[in-house]
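Q: Start from the sequences, fold in the hints, and give me the full structure.
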Amino acid sequence: MRLLLATMLLLLLGSTTGIAAVDRQDSTEIAHGRYLATLGDCGACHTNPGGKPYAGGRPIATPFGTLLAPNLTPDRDTGIGAWSDDDFIAAVRDGVGHGGERLYPAMPYTYYTRMSRDDVAAIRAYLATLEPVTNHVKSNQLPFPFDIRTGMDVWDWLYFSPGKFKPVTGKSPEWNRGAYLVEGPAHCGLCHTPKNFLGSDENSQALQGSALQGWFAPDVTGAAHQGLGGWTVDDIAAYLKTGHNRFSAATGPMSEVITDSTSRMTDADLRAVAVYLHDQTAAPAETASAAPDDKTMHAGAAIYVDNCAACHYGNGSGSPGLFPNLQHSAMVQSADPTDLIRIVLEGTRSVATTGAPTGPAMPTFGWKLSNAEIASVLSYIRHSWGNSAAPVSADAVASQRQSLARGED
Amino acid sequence: MRRRDLLAGTALTLLLAASGQARTISGALPWAPDAADPPRVVKPGGWQFFTPEEGAALEALVDRIIPPDPQWPGAKDAGVAVFIDRQLAGPYGSARGLYMRPPFQDGTPQQGAQSPLTPAERYRQALAALDKYCRSAFAGKAFAALTDGQKDKVIDGLHKGPLRLEGASGTAFFEQLLKNTREGFFADPVYGGNRDMIGWKMIGFPGARYDQRNWVERHNERYPLPPVGITGRPDWAMR
Amino acid sequence: MARRLPSTDVVIIGLGWTGSILAEQLTAAGLNVVALERGPWRDTATDFPPTYAQDELRYHIRHDLFLRPAQMTFTFRNKASQTALPIRSWGSFMPPNGVGGGGVHWNAETWRFLPTDFQLRTHLTQRYGAKFLPEDMTIQDWGVTYEDLEPCYDRFEYLCGTSGKAGNIRGAKQAGGNPFEGPRQRDYPTPPMKQPYAPTLFAQAASELGYHPFPQPSGNLSEAYTNPLGAAIGPCTYCGFCEWFGCGNYSKASPQTTLLPILARRSNFTARTESEVLRINLDRSRKRATGVTYVDSNGQEWEQPAELVLLCAFQLFNVHLLLLSGIGQPYDPKSGEGMIGRNYSYQVTSSVDAFFENKNFNPFVASGAIGMCIDEFNGDNFDHGPHGFVGGGYMGAVQTNGRPILGIRVPKGTPEWGAEWKSAATKNYLSSYECATHGSCYSYRDMHLDLDPTYTDRRGRKLLRITFDFHDNELKMSQFLTDRLAEIVQKMGPHTIEKKPRKGPYNVTLYQTTHTCGGAIMGTNPNTSALNRYLQSWDVPNLFVTGATVFPQNAGYNPTGTVGALTFWAADAILNQYLKAPGKPLVQS
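Protein chains in written order, with the numbering used here: chain A, 1 to 409; chain B, 1 to 239; chain C, 1 to 589.
Bear in mind the hints are in silico, worked out from the structure with no lab data behind them.
By construction, the Cβ of each residue, glycine as well, lies at the ideal position given by its N, Cα and C atoms.
Wrong hints could be hidden among the right ones.
If you want a taste of the chain A side facing chain C, the calculated C-beta under 7 Å gives, among others [claimed, not checked]:
| no. | residue |
| --- | --- |
| 1 | LYS195 |
| 2 | CYS311 |
| 3 | SER319 |
| 4 | GLY321 |
| 5 | LEU322 |
| 6 | PRO357 |
| 7 | THR358 |
| 8 | PRO360 |
| 9 | ALA361 |
| 10 | PRO363 |
| 11 | ALA372 |
From chain A, some residues computed to sit far from chain B (all C-beta separations above 10 Å) [as the list claims (entries may be wrong)]:
| no. | residue |
| --- | --- |
| 12 | ASP41 |
| 13 | PRO53 |
| 14 | GLY99 |
| 15 | ARG102 |
| 16 | PHE160 |
| 17 | ALA291 |
| 18 | ALA309 |
| 19 | SER317 |
| 20 | GLY359 |
| 21 | GLY366 |
A: This is the structure in structure tokens:
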């Protein structure tokens, strides 16, 4: 602990010698910073929808309460205009704020630490070119005792491993680029890696799916049923670029990631991410799930043919780019059926991008199907056409219906 | 708007400006969860528009227009009177959305109905006049108490014209009644008629099923699936 | 008191098919476009999802998607000697409402007119002599040729993904297509739709009689398709809830499926819904439009100034707005002067019912534009000399629906109620069939639109008055087409057929088609038209008018394909010519 603090002090002291890491007059440097900000999807939290870019104020829901993302515009009083480059780098890579306070890991410094100082400095250079906006944001809206930041000392000691990304020998440059992106700026694990009770990543189950904000971010490893095992590298890249591929469509919180971040990544970077994800197969071999009983399958089949087949087709194959394929679908076969239940209850809209502008939507079935009926049809889908996932209970549907009605994330 | 709605959809700009301007769409297609305008399910039981006497007369009327037979129920058992009752209690009954501004003048048949009467008013008026006629012509009996043969004769008289109702048009009433009876027998059961999809089963119509791709090129073959309504069919339940 | 908004480059009145096409074309060129739509926003998953779209009572019978007559209707009479009375509830045609307009609930029957249709008067006069035409028939040449429009038809069909089989590719006849169609540069973007039983029987019977049946071109698609703008359209599922209904699974070509997702993403495009345009405003000279005045759902009036005004509403509303705005001169049938309201036409349809023993047609396996048709008796595809009429139409077995409330068919003479009716309805539902003809409707001196003297809307504005009836020419044509159709139907093997040719007088209570046409027609001469060949108003050069409004007369086909093509034609003229010298006429009058 002391060592850690000492190291931090050194870093801070070191920074006051003011080594200029970035040439602010170099437009390629600024463009590089802008691209990195896109990779890091900074705007997803720091731009309030309908508000000025990076002016902060957007509420971020965490299991411990709400935080408000700070103002990153160059405003000297309410933004980061008065920060040095090293202040900014310390915040992004080390989780240390301007006054030396610990940041909460809703700010994904645990991932951004993988970026180099130069890269983060380039982001700073880009942010410095934005229009300054006066917006005073009090970030810490957490309830007691989570609002005590010094608690983060312990958390960081337990869970934070700072340091730049180290390439893995024996893997291709493309794989390593993908690893850097996924484990670093793109911080996929923030949503897709399950968390322990203190909100830190369960590293042994990296990228194997996690619940948040009323959705379930699915397993994005190469696992056969619950992950992306049925997809090729091209499929993954296409999905990230346009929000759609021949199997599936992005929806829910992933829509924003696509529109604000991945759809603006280079094709090479998308391929790299895809290569890396496709290679993640550390998950234990999945055992086939028990089949639902006959009554459920019969009811589910009838509900399916009457309600679902007109878009998803009799065998679940859907229509590429329009209606997701229910076969080989991570969302369909996730151990946690939250997304399926939610989508059937409320409907959802898939993301619209330049490459795929239609953004087809699924209508709401909550008024039409009972909890038991939804449970039947989802259980049927999860056990048909080669799919294998546990049945869904009517109680699970009922409970989610209630929490959606209460407006709970 | 709930915050997760912002997360759930694409960024949308839906401006309901304080200046009161109409809805503006710019930047993305608008979408909201749970957005739907499904029909409200009619629950049978009691009359919402008709008096009990009117209801009895109507049940008797529709049950002659589409009568029961050994194979298939008639309009009464199919809930057609309930259907008509609920329709008249709602916007259809009050002619909502129609052009009901004066002056009302008679025109040619090609110009269409020019009556200020709403469907609800027409039923009320005609049923009262019919009741008066029946009691006078059939020794104090209401329409519902007549024999089937007598009922059919009355209906025929209304249809073809010779039976004149006092203060109401028998032919116009019959036209309305016939139309609504057929609607009630074959509309989706959600509206209170076509109970258990009996009308659809009778003729072989599959109801609200939306995917018939597998049947286009199966020529001259019987379609085997039972009908389904907007609110489902018995096979959706676990049995 | 109207509040003034900032000016825009283009204001579009009505966000249906033509409004959406023009908005896309002009925003792509960088112009700022504001589209005003009287009705609501409409979107597939929230307004006509396949969870409740399949509701015959609500949509077909209670008219849920259409404009409420209480908001706007028309008065109607057959002859000028009658008093026009309000259409209090829709019958003969169904005026659309809402974003997408008629494109939401159309059948998607996507035809091209014949080359001769565009030079109708010249052609018929040359072939039959001027005396062959009734003296009061006011048909005209359009001012454009089929060759002018061919690339535009192609663009509309590829926008929609139209499913069909070409009959003539650059002069080479194609087996299985329509041998009479004008030459096209390439085949349809997707293959023709699969056909149910009855159309295949019809095709067989027609072939045996020496005709050339072909699949009807369909905007409900045979397979998934991505259009040139990147919009994704799905495969039709033959649900039988097509015309009158919105499509629940993205498989009907509409502004929603083909254009609006792209338009909505453009920052230079804004749509305002629940905004009813009251009038097009003109400057002092009355020769320049300054924009429009509209009222929102709060009753507040707004003035939207614009450099270019595009009148893209449904045909009847377009003419109404021109009259209310005082643009051009209202037509007077007695003097023949005035171009606004002149040459109103419609469509002349008929049918043949057939009853079969031991046949199961599954009529509910249906789509708005499937069917097998023949075109031998359309336009001037046959010698009219012996017959004493002009015009024609396509005919075929078109299986759009088997919806029971309105679709039950019983043989003539069956009582309308009682046990016999019930039994006949049951017996004949699956084994009876209706084939149809879809005939032209030419224009006449006395068929016109003007403002009603008596009836007003809820704002006190005079309603549009329709004076229309079928003329002998059209009734003769309909009888002829029906007789030819009956011959084919007879060969299909029914035990009974019933011919139902169109009979006069025109009845505004019976649904026929929504193909009302004319009233502000295009042409080569301001003395005989309201618009030049580019759909630009002769009177107000910064005003263009689209839709079937511009048809000098109607041909024997559904109009939307031609409406779409003409819209692309006008878009090209605006982009390539008009914008180079804005405000100037493109044709010297």
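Q: Each hint needs a verdict: does it hold in this structure or not?
A: Hints, one by one, checked against the model:
1. Because the smallest distance between the Cβ of LYS195 (chain A) and any Cβ of chain C comes to about 33 Å, over 7 Å, the interface hint for this residue is violated.
2. Annotation: CYS311 (chain A) was flagged as interfacial toward chain C, and the flag holds, the nearest CB pair being 5 Å apart, inside 7 Å.
3. Checking SER319 (chain A) against chain C: minimum C-beta separation of about 5 Å stays under 7 Å; hint holds.
4. The beta carbon of GLY321 (chain A) comes within 5 Å of a beta carbon in chain C, closer than 7 Å, and the hint placing it at the interface holds.
5. The beta carbon of LEU322 (chain A) is positioned within 7 Å of a beta carbon in chain C (closest approach about 5 Å), and the interface hint is therefore held.
6. Residue-level restraint check for PRO357 (chain A) holds (minimum Cβ-Cβ distance to chain C is 5 Å; threshold 7 Å).
7. For THR358 (chain A), the shortest C-beta to C-beta distance to chain C is roughly 4 Å, which falls under 7 Å, so the interface hint holds.
8. Hint status for PRO360 (chain A): holds, given a least beta-carbon distance of 6 Å to chain C, under 7 Å.
9. At a threshold of 7 Å, the smallest CB-CB gap from ALA361 (chain A) to chain C is about 3 Å, leaving the interface hint in force.
10. The criterion of a C-beta within 7 Å of any C-beta in chain C is met by PRO363 (chain A), whose closest approach is roughly 3 Å, and the hint holds.
11. Among the interface hints, the one on ALA372 (chain A) is violated; its C-beta lies about 18 Å from the nearest C-beta in chain C, farther than the 7 Å criterion.
12. No Cβ of chain B comes within 10 Å of the Cβ of ASP41 (chain A); the nearest lies about 13 Å off, and the non-interface call holds.
13. Even its closest Cβ contact with chain B, about 12 Å, leaves PRO53 (chain A) beyond 10 Å, as expected for a residue assigned away from the interface.
14. GLY99 (chain A), annotated as away from the interface, keeps every beta carbon of chain B farther than 10 Å; the closest lies near 28 Å.
15. Interface exclusion of ARG102 (chain A) from chain B stands, the closest Cβ pair being 25 Å apart, more than 10 Å.
16. No beta-carbon of chain B comes within 10 Å of the beta-carbon of PHE160 (chain A); the shortest separation is about 26 Å.
17. With a minimum CB-CB distance of about 15 Å to chain B, ALA291 (chain A) clears the 10 Å threshold, and the non-interface call stands.
18. For ALA309 (chain A), the shortest C-beta to C-beta distance to chain B comes to about 4 Å, within the 10 Å cut-off, and the non-interface label is violated.
19. A cut-off of 10 Å between C-beta atoms confirms that SER317 (chain A) is not in contact with chain B; the least separation is 12 Å.
20. With a cut of 10 Å on Cβ distances, GLY359 (chain A) falls inside the contact zone with chain B, its closest approach being about 6 Å.
21. GLY366 (chain A), annotated as away from the interface, has a beta carbon of chain B within 10 Å; the closest lies near 6 Å.
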